[in-house]
Structures are given as structure tokens and as C-alpha cells.
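**Q** Sequence lines, in order, name chains D, L, C and X. 1 is the number of the first residue of the first sequence in the working numbering; add one for each residue after it. 148 is the number of the first residue of the second sequence in the working numbering; add one for each residue after it. 295 is the number of the first residue of the third sequence in the working numbering; add one for each residue after it. 379 is the number of the first residue of the fourth sequence in the working numbering; add one for each residue after it.
Hints were generated in silico from the structure; no laboratory data involved. There are no misleading hints in this set.
A partial selection of chain C residues facing chain L, derived with a Cβ cut-off under 8 Å:
| # | residue |
| --- | --- |
| 1 | A370 |
| 2 | P374 |
| 3 | T376 |
| 4 | G377 |
| 5 | G378 |
Take a look, some chain L residues computed to stay more than 10 Å from chain C by CB distance:
| # | residue |
| --- | --- |
| 6 | T155 |
| 7 | A165 |
| 8 | A169 |
| 9 | L170 |
| 10 | L188 |
| 11 | P216 |
| 12 | G232 |
| 13 | E250 |
Virtual Cβ for every residue (Gly too), placed ideally from N, Cα, C.
Below are the chains, spelled out letter by letter.
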Amino acid sequence: MKRISIQTGDFDVASELAALEALGGGGVASFTGVVRGEGGLIALELEHYPAMTQAQVERIVEDAMARWPLLGVSVIHRFGRLEPGARIVFVGTASRHRTAALESCAFLIDWLKSHAPFWKKEHFADGATAWVEARAEDDAKAKGWSA
Amino acid sequence: MKRISIQTGDFDVASELAALEALGGGGVASFTGVVRGEGGLIALELEHYPAMTQAQVERIVEDAMARWPLLGVSVIHRFGRLEPGARIVFVGTASRHRTAALESCAFLIDWLKSHAPFWKKEHFADGATAWVEARAEDDAKAKGWSA
Amino acid sequence: MVTIVYFAWVREAIGRDEEQVERPASDTTVADLIAMLAARGGGYAQGLGDATRLRAAIDQRFVPIDTVIGDAREVAIFPPVTGG
Amino acid sequence: MVTIVYFAWVREAIGRDEEQVERPASDTTVADLIAMLAARGGGYAQGLGDATRLRAAIDQRFVPIDTVIGDAREVAIFPPVTGG
Numbered sequence: 001m002k003r004i005s006i007q008t009g010d011f012d013v014a015s016e017l018a019a020l021e022a023l024g025g026g027g028v029a030s031f032t033g034v035v036r037g038e039g040g041l042i043a044l045e046l047e048h049y050p051a052m053t054q055a056q057v058e059r060i061v062e063d064a065m066a067r068w069p070l071l072g073v074s075v076i077h078r079f080g081r082l083e084p085g086a087r088i089v090f091v092g093t094a095s096r097h098r099t100a101a102l103e104s105c106a107f108l109i110d111w112l113k114s115h116a117p118f119w120k121k122e123h124f125a126d127g128a129t130a131w132v133e134a135r136a137e138d139d140a141k142a143k144g145w146s147a
Numbered sequence: 148m149k150r151i152s153i154q155t156g157d158f159d160v161a162s163e164l165a166a167l168e169a170l171g172g173g174g175v176a177s178f179t180g181v182v183r184g185e186g187g188l189i190a191l192e193l194e195h196y197p198a199m200t201q202a203q204v205e206r207i208v209e210d211a212m213a214r215w216p217l218l219g220v221s222v223i224h225r226f227g228r229l230e231p232g233a234r235i236v237f238v239g240t241a242s243r244h245r246t247a248a249l250e251s252c253a254f255l256i257d258w259l260k261s262h263a264p265f266w267k268k269e270h271f272a273d274g275a276t277a278w279v280e281a282r283a284e285d286d287a288k289a290k291g292w293s294a
Numbered sequence: 295m296v297t298i299v300y301f302a303w304v305r306e307a308i309g310r311d312e313e314q315v316e317r318p319a320s321d322t323t324v325a326d327l328i329a330m331l332a333a334r335g336g337g338y339a340q341g342l343g344d345a346t347r348l349r350a351a352i353d354q355r356f357v358p359i360d361t362v363i364g365d366a367r368e369v370a371i372f373p374p375v376t377g378g
Numbered sequence: 379m380v381t382i383v384y385f386a387w388v389r390e391a392i393g394r395d396e397e398q399v400e401r402p403a404s405d406t407t408v409a410d411l412i413a414m415l416a417a418r419g420g421g422y423a424q425g426l427g428d429a430t431r432l433r434a435a436i437d438q439r440f441v442p443i444d445t446v447i448g449d450a451r452e453v454a455i456f457p458p459v460t461g462g
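Sequences and hints are given; from them, build the entire structure.
**A** In C-alpha cells, the structure reads:
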């Protein structure tokens, strides 16, 4: 099972997990990213490169499925305006091996952070806005997987 | 938030995750273990040491919260008779740092596999039964975290 | 008296999940206790005959099998755990 | 002609998300193209003036900034990504 969705709307984590559980692998790992509302942030605006995003995420998922014995992968990434508490991203993986499920989930979220063509703009209560700067740390984490 | 439950009934993964997401950390990781129905298995019977289990899991969760900057941890472990497809165990963690959420989730499930006082008995379609043998691999994984 | 509790196939072999035994000398180890119980023969010999396959807890804490029992109230004897 | 697409603050500085430009010599690199565009001044200078802050994709594949454009149909210029 391979499910990839780049969408504006929210998603149902329970149904994603249920689909992964139903694959019979025995182990399902997930990571969900949520907008944090600190520092007066009132919204996050996510822009992406539509012509590239889906294909890019497909490749990342294929990489993960080649690297770990996975029965299923689900990746959902939202774009548009998201308020604090809103889900941004979901990665779910199913495997017979819990380590494969957990590691591939970490790999995919690291990769999305550093290689998926998304950009985040912060909107604050005082009207200020700021584009989020990429963190060298994220890049280093994603590179760590290429060893 | 710290939630630990040792129970016979099923649980609602969505509500566990929603509670973790609501903590505002931005990152929620989870692992769900499900009974595999292969090799003619018709049920798994989980026995545990009630006087010990809750306290033992509490200590493991405290260890994880001391080691990683976690906002919340949820651990659910079922016992009794479980059929293929049934959830056995759930670990959910919330943190501001995705690596902390994912690593602590892996740590907790490794620890539950090797240190929680549960024993599994397999029931097969032909009437045969067998106690699951501990795997040296699980023990090694849990030991890996003590470094 | 000391309470001894058994789990999994140890419990099944012995045919009971708990019993009281006379408190042994305080320098008795769990391994010694296992040997004493195994000497009863039958299901005890079957469930407790090979201490290398057994693990233990004293008063709900895992301990190495050569730990002395001291003033323990409850000693648990079981195979390696298989949770998760 | 080559399509150039911009994202995030590069797009905001330039004030457009896409444009067509005359196809440059095939040995032109993305860095060369960025320098040519930045020379237009104004928002272009602001968004493209510091190539060390920029990343690129050619025909929807990430490439190092010194990659030659060749017969690319679409060149994308943007800041380091911040997804996930």
C-alpha cells in the first residue's frame, strides 16, 4: 500500500492508521506534525511547488520501501493557511518489524523536512510575517540517512 | 501528560493521538502493535504480572520523560485473548522535537518487548499451543538504549 | 512464609499460579529456591529444572537469578518476558 | 524560451511566481541565470542578489546551483525548503 496526498484539507489519522494496521504486518508507526502557536503565531502559510511535490514525495516513499521491508506507507502533507493546533503532515508506515516501521517513519519525516518543496511563512498577531528559515540540523539529519 | 493503561479491551488510537496533539508540542509519534494471523494462528493469549506491570511501565515512562523533552506519553498494553488483527500495544509520545518523539517511542516499545512482565501464548487452528520465546534481538535492542 | 508466583509455562507445568512456602535462610538465592522447588519432582522438575531458562522478580522488581531472597515477601519465577 | 518559477520570499521580492525568459546559451548555469536576472535590479536584485541563500530545480528535480541549464524547460529558484 502506498498512499500520498498533498492537500489543503485536514485528514483523519485514525483511518490512515486503520488502513496500515489492516495490512497484517503487526507494526504500525506514525508521526504527525501540528502547528505550534507560540510567540504570537496566528497562522502558518504553506506554499509548495505543485508540479514537483507529488513526484518528489513518490520518490522518497519508493526509497523508503526499497530500504526497509514495508507493507505500506502513507504520507499526507497539507498546504495553504493553517492555524495553531492544525495538523500539517502525517507519515505512517507498516511493517512486520517494528524497527523498520519506526526507522522508515523517521527517515520520511526527516526527508520531508529537508527535501520536500514546501515553504512556511509565519503570520503573527501583530501583523508581522516571516518566512521560516531552513535549519542546518534538518539537513544534517536527512544526510545522516544516506550513509 | 502521562497515561498508562494495562487493560483487556481495545483502545481508540485516534483519541490517544488527539490528546497528545493537543499538548501543543508540534510532534506526535506513535507505534501500534497488532496480532499477526500467520501460520494458522487463531489467537494470542497474553498473561501478565498485575502487581508488577503498572509500576514497571510507570518507571519506563519516567525514564523516557527524563531522557527526552517530552510533553506527553501514552502507553496502552492489552492482556487476555486477542485475535489476529487486534491491537496489542500502543505507545504515543509528544514533543517539540520530532526526533525526541520518534526516539522515545522506539525506546518505549523496545523496553516493553524486553522488560514488561507479559508472556504470550499462541493458539493455532489445529489446537496446538506454544509459548512465544523471547528473542535475543529484542533484549539487545533494549540494551542499546542504556549507552 | 514467602509467596512464590509463577507465570507462563512455569505456571502451567507446576499447575498453580501462586503458593506459600516456608521462609528459607535469608542467604538463600532465587536460584537456590528454584533448585529446592525443582527437587519436588513432577511439574516442579519440569517447570523449574533448567534455571537458565528462568527469570525472576523479588517484590515486583526484576532481579538476577543469583540474588539473595533476604526478607522478600514475594518471589516471582517465569520465562523471559515477551510483551509488546 | 525557458519558464522560470519562483517560490517563497524570492517570489514575493520579484512580485511574480512565473515568467518566460529568452533561452540562454546551453552552457549557462542556474547561478549564471540568477546573476543575469538579479542584474535587472529592483525586486530581482533583492530576491536573487545572494545566490548562497538560493536553491534550484531543473524540470522538477533539485540540482546544485552550478548545474548547466542545457535544454531545460522549467527552472525553479527558491530558498531552502522548510516542509514537514
